[in-house]
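Visitor: Here is what each chain is made of, one letter per residue.
Number of protein chains: 2
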Amino acid sequence: MKILDGGLELVPGYRFAAVECGIRKQGRLDFCIIAADSPCNAAGMFTTNKIYAAPVLLCRERVDNEVRAILINATNANACTGDEGYNNAVLLTRETAKLLDAPKDSVLMASTGIIGHQLPVKKMQDSVPALIGALLRDNGALIPKAIMTTDTYPKSFAVEFAASTGNYRIAGTAKGSGMIAPNMATMLSFVISDCPVEKHSLKSIFKRCIDNTINSITIDGDMSTNDTALILSPVSGNCIKSEADLADFESALFKVLYELSRMLVMDAEGATKFVKVQVEGARSNEDAKLAAKAIAESLLVKTAFFGKDPNWGRIACAAGYSGALIEEKTLSIYIEDIQLLKKGVPCGFDKKTVEDALAKREFSVLVDIGMGDGKAQFLTSDISYDYVRINAEYST
Amino acid sequence: MKILDGGLELVPGYRFAAVECGIRKQGRLDFCIIAADSPCNAAGMFTTNKIYAAPVLLCRERVDNEVRAILINATNANACTGDEGYNNAVLLTRETAKLLDAPKDSVLMASTGIIGHQLPVKKMQDSVPALIGALLRDNGALIPKAIMTTDTYPKSFAVEFAASTGNYRIAGTAKGSGMIAPNMATMLSFVISDCPVEKHSLKSIFKRCIDNTINSITIDGDMSTNDTALILSPVSGNCIKSEADLADFESALFKVLYELSRMLVMDAEGATKFVKVQVEGARSNEDAKLAAKAIAESLLVKTAFFGKDPNWGRIACAAGYSGALIEEKTLSIYIEDIQLLKKGVPCGFDKKTVEDALAKREFSVLVDIGMGDGKAQFLTSDISYDYVRINAEYST
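Chains as they are written, first to last, in this note's numbering: chain V, 701 to 1096; chain C, 701 to 1096.
Hints are computed from structural coordinates only; laboratory data are not their basis.
From a predicted model like this one, the values you see are computed outputs, not experimental measurements.
Just so you know, nobody snuck in bad clues.
Below, simulated EDC-like cross-link-like pairs (lysine to aspartate or glutamate); rule was C-alpha separation at most 20 Å, straight line:
| hint | chain 1 | residue 1 | chain 2 | residue 2 |
| --- | --- | --- | --- | --- |
| 1 | C | K750 | V | E980 |
| 2 | C | K907 | C | E943 |
| 3 | C | K1029 | V | E784 |
| 4 | V | K750 | C | E1027 |
| 5 | V | K1043 | C | E784 |
Under 8 Å between C-beta atoms, here's a sample of chain C residues computed to sit facing chain V:
| hint | residue |
| --- | --- |
| 6 | N749 |
| 7 | T925 |
| 8 | G1013 |
| 9 | Y1021 |
| 10 | P1046 |
All residues carry an ideal CB built from backbone N, CA and C; glycine is no exception.
Can you make the complete structure from the sequences, with help from the hints?
Guide: Next comes the structure, spelled out in structure tokens:
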């Protein structure tokens, strides 16, 4: 696998466009499209929030169709907008399909932004011809910019890998991890590949990769109404099929999604640290994930990271209430390679050495539950003054 | 029911003492005792954290015994201290029982403070005679002071109520809601009454009251290794038994615990607001509690409270991921008596009026799920800059 210097534009078979539609603000790209030259298989992972946006409903209905494009808007979530919101999403995607000369239900949609406001549908409808007219392969770098909300930089990652049938590429973009800014919520991620993969394989591989990357990061534990991750892969009679090829595809996809997740955490509001929380020795992988998630989401753990405090008591405490099977007597905790707790007994450690480890921009925490083989990893950030400032000072 | 001007000292049949033992710091009360003049029935509610402190284990073992006293220390949690920690708690309580001329397993213990350090047991053992020697009914006000950690003021509340067999009193004290400061964790609450109640009634009434008061508050969602709530009531042949009397006892106990909970939330680290989150119309009370808890714990909701932002989208979103059965089409949201969302449709509301409501020190949020009769309430605070400062700057 080779890491490429670039983003979506490096994948053959796709074109891109973005415009300043003025959906909520003037002077920013807020409406964009990823269009495939030929029909694609798609797979999607969506918010599990029971309050979900109109475009999420539309994607759920259409993700099994042959897909030709993804239409995306920022600054308005089209959530809590009822039938009118859903009808607006249908209208805009059908208009797009018509101009692309594609089947009417072959366009997906994703939205991010304020909740509870109807889309300015007339203005957006009027922008669709300009979007379609501007489609160019070289426009790939516009998409990460157009989908940003509180992100401080556009995020994309691309790789190339060799299958038995030739070399293929996978590239993705993402924005805004967790439910970050008020009403400007939402994690969106879009991945494209020129590697043809059968639909059922694409679905299961995408789910596994998302579960261990984007679904294993946390900023504040909140889950948006609009979270959406989509992948497109061309429909073809020559799909990769061997186990080895599918494994290479999965590794390459995992790399793209892992690096995007890392960027999301690093760019989380107010974050100053990127922390890998690893849990081993749990009774099951599920138990390990419960513990890793509780530690990664604990406000007290996260403020301790910000304060460079080797506070293993908070880590033990969060593991203890996670719901995972845990006993004090078998619990060990490390920061980087320094052991702080050994089977329930506090270790003597050099405070300065641990503080130096915690002073780094990236470090890892390892919790060994000592009861089995279950493993999991969560990626998290610290919580700083800026997190509170950004989230309190935003005004609806 | 009459609210009394005072605390624990107003309940006949109990004596109190506190000393500066120097457990971790000099110059503060850190070791104290509540002693009953005669044997008591007890009931207790404890942390559900799988990593729990030695005194919690000891209380679980002894809470069904006839109880004579509760020994309490601050500044050291006696958690993650293994067998040695447990043996220390046994030693100190047996020493106390001996000097009280009480059965050896009739003394309970609670601790709060740093995790992972052994108690200075010799020093504490040497202080037990001084504690016992200082026991006085008038010393009631020392207990709330001696158990404080990051609390900014001592908390107690007392009431008197009339039963068919005479007037009785209930008084309680509490400290530190949620797992607040690093290693200085823990909610402790102690309630005493001169009203004799049979053990099984005492247990069920105490559980119900705690569930709807102290177990329905949240500061940061973290749960300590040491959380303990205990109630004592004298063993007697004249226990109150009629439904009416037991209901009056329960109302009075609820009032004491509710007011203590309110003080805990108001005094939460960095909090500037006290918010009652009420959920109605859920399919069940359990569903209502899930939704109320998710809203009360959402960082985004809490920072919006701090920012005085009428951000109903964040409230809807938290309810949506709570696990409760919810549909957008039946969801309504109010702040004070101002409706923001009506069956999924955003209401026009005067922003200034809502901001004025949010500017108050106390206000309520009502979420009507519109699907049944289930109800629940959670008490919460906002999250401010000071929360981050207090929790980041503390150094282990």
